[in-house]
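J.: Start from the sequences and build out the full structure, keeping to the hints where you can.
Line by line, the protein sequences are chains L and U. Letter by letter, the first sequence follows residues 1 to 265 of the numbering used here. Letter by letter, the second sequence follows residues 1 to 351 of the numbering used here.
Hints were generated in silico from the structure; no laboratory data involved. Each hint can be trusted.
In silico DSS-like links for lysine-lysine, alpha-carbon gap of 30 angstroms or less:
(1) Lys-133/L x Lys-216/U
(2) Lys-216/U x Lys-115/L
(3) Lys-193/L x Lys-50/L
Here's the letter readout for the chains.
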Amino acid sequence: MTEVSTNKPAALALENVGKRFGSVIALQDVSMVVPQNQVTCVLGDNGAGKSTLIKILSGVHTPTEGQMYVNGEPTTFNSPREALDNGIATVYQDLATVPLMAVWRNFYLGNEPTKGFWPFRGLRTKYAKESCKGEMAQMGIDIRDPEQPVGTLSGGERQAVSIARAIHFGANVLILDEPTSALGVKQSGVVLKHIRTAAESGVSVVFITHNPHHAYLVGDNFYLLNRGRMLAEYTKDTVSREELVKAMAGGAELDALAHELGADT
Amino acid sequence: MSTTTAVDDRVATTSSLTRIMRRPEIGAFMGALVVYIFFAVVDQTGTFFSLDGTARWTDVASTYGIIAVAVAMLMIGGEFDLSSGVMIGSSGLFAGLLITEYNVGVWPAILLTFVFAAGIGFTNGWLVVTTGLPSFIVTLAMFFSLRGINLGVTKVLTDTVRVAGVDEGPDGEMRPGFESAETVFASTFTQYNFRMAVVWWIVLTIIATLVLTRTKFGNWIFAVGGDSNAARNVGVPVRRTKIMLFMYVSMSSALVGIISLMRLKSMQAGQGVTQEFIFIIAAVVGGCLLTGGYGSAIGGTIGAAIIGMAFIGIAYAQWNTDWTWLFLGLILFAAVFTNSLIRRRFQGARR
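T.: Okay, here's the thing in structure tokens:
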């Protein structure tokens, strides 16, 4: 895989970022670095603040404290469109595709290729169908018929459509929100492979998940989020899978739970 | 990296029959054939099948079809417009009152009517996207408001419930521009007396179909109706798309209002009321889903054609025309039922 040059600024960085909703503190003092061309995993259980973190990174929320950096430049996003224009694309868990629309229409939704002059400006349907099929084939998925509705694809294939779309439209940073949580074992494997492929093709990936096994398979760096705070930070060299699983499950808490359930571990 | 393509042997390739059967309007198309043959058989006058008969039922179908196509587009975009019927009256009265009470030229009045209709459509759309209330409620409120305004304003200005004398002034002189406007909106052509409305209907169906299937905006319509959150997340201007659809529906109602005004040379204050459901029936019969995101413009046109055939066919069969409504009810149910069967059989979509 690609060597990371140390003098290149991080694709995305947060410095002491916090977010309050009224009196509720959703995130507090969160710092993280998303290096270029690496997979950065954010692990956290339900309610850890993962969603808030995604929304800050993708421009839905602006942080109430702290500073965000894009390629080393201090940046503030006021809308998801601004984040997109800065090359930060977010693939949401299930809000990424329109089920009743054809695969190729979904693929180009919002960035439709057109030709001709208004009012005769039309979609380049033939090109769109072919290039969509080609892009998907690059991700290792054969969509037989680009005209079929996305709803007929499996969950993994749908995620792949979203990922391929984000990469095709020049995303430098790809934020994936729980892409494997609703998938079976094999489908998850396919998506994890796509994540690796994306990182190798020069995209920096932020992979948000509550599954440490999945994270360990593809991640280069790991951040552990708990109750709105960054609890721990690991790199692949400094942590084993067992340690990561244990940290994620809350270490001592898990031992206590095992004891409580009367299980001998 | 691996570039091998995984071929999933559990998915059969789609045949061309399946592709045709996947079209949203296929059920309506087959239904239209059945209805056509049915009325040709029960016809007592021998004219339904002829070009004279065709001119008659396309006349009925065209004024429904012009709006049904717009309503179909709006339904694909995930919204309803219950004010589409009353808007026929509102815009006819608006143009008629401008011409008769304020001596505005016929063509400027028509132009202003389209601006007025665009404004009403914008209001509908803007209220729906900003309040987040269901369009069913917002446009129902617009329906009743306009119904009241139509009666109220007409009575205040004319002391009657109709506007008359659009063609000639009180002095008996033909109003300037009326003849040319009548030619464009309300003339007939060929010896069978096909109406100009049929031309408008066909042209608008073609344009709507091209917009829906071949443009960026058409892609957005499907997306905002199918899943407006997903659409917003990929950068589709959801609000603008919906507002423009509402404007299109109101403006198509205005076109029908002008067509009626030019034909009748007068306008009743209650014109168009209760027709809003006919447009929705046409769109649904044509394969549009009530939940949005699915359908076609040509479907609305085929739905309108079925309704036109029913209105005229029942008269030609020399049955009591009261039965028309029963027929519409049955057609609506049968069409939606077959549509959903076809969809389940050929779409294979998990929803």
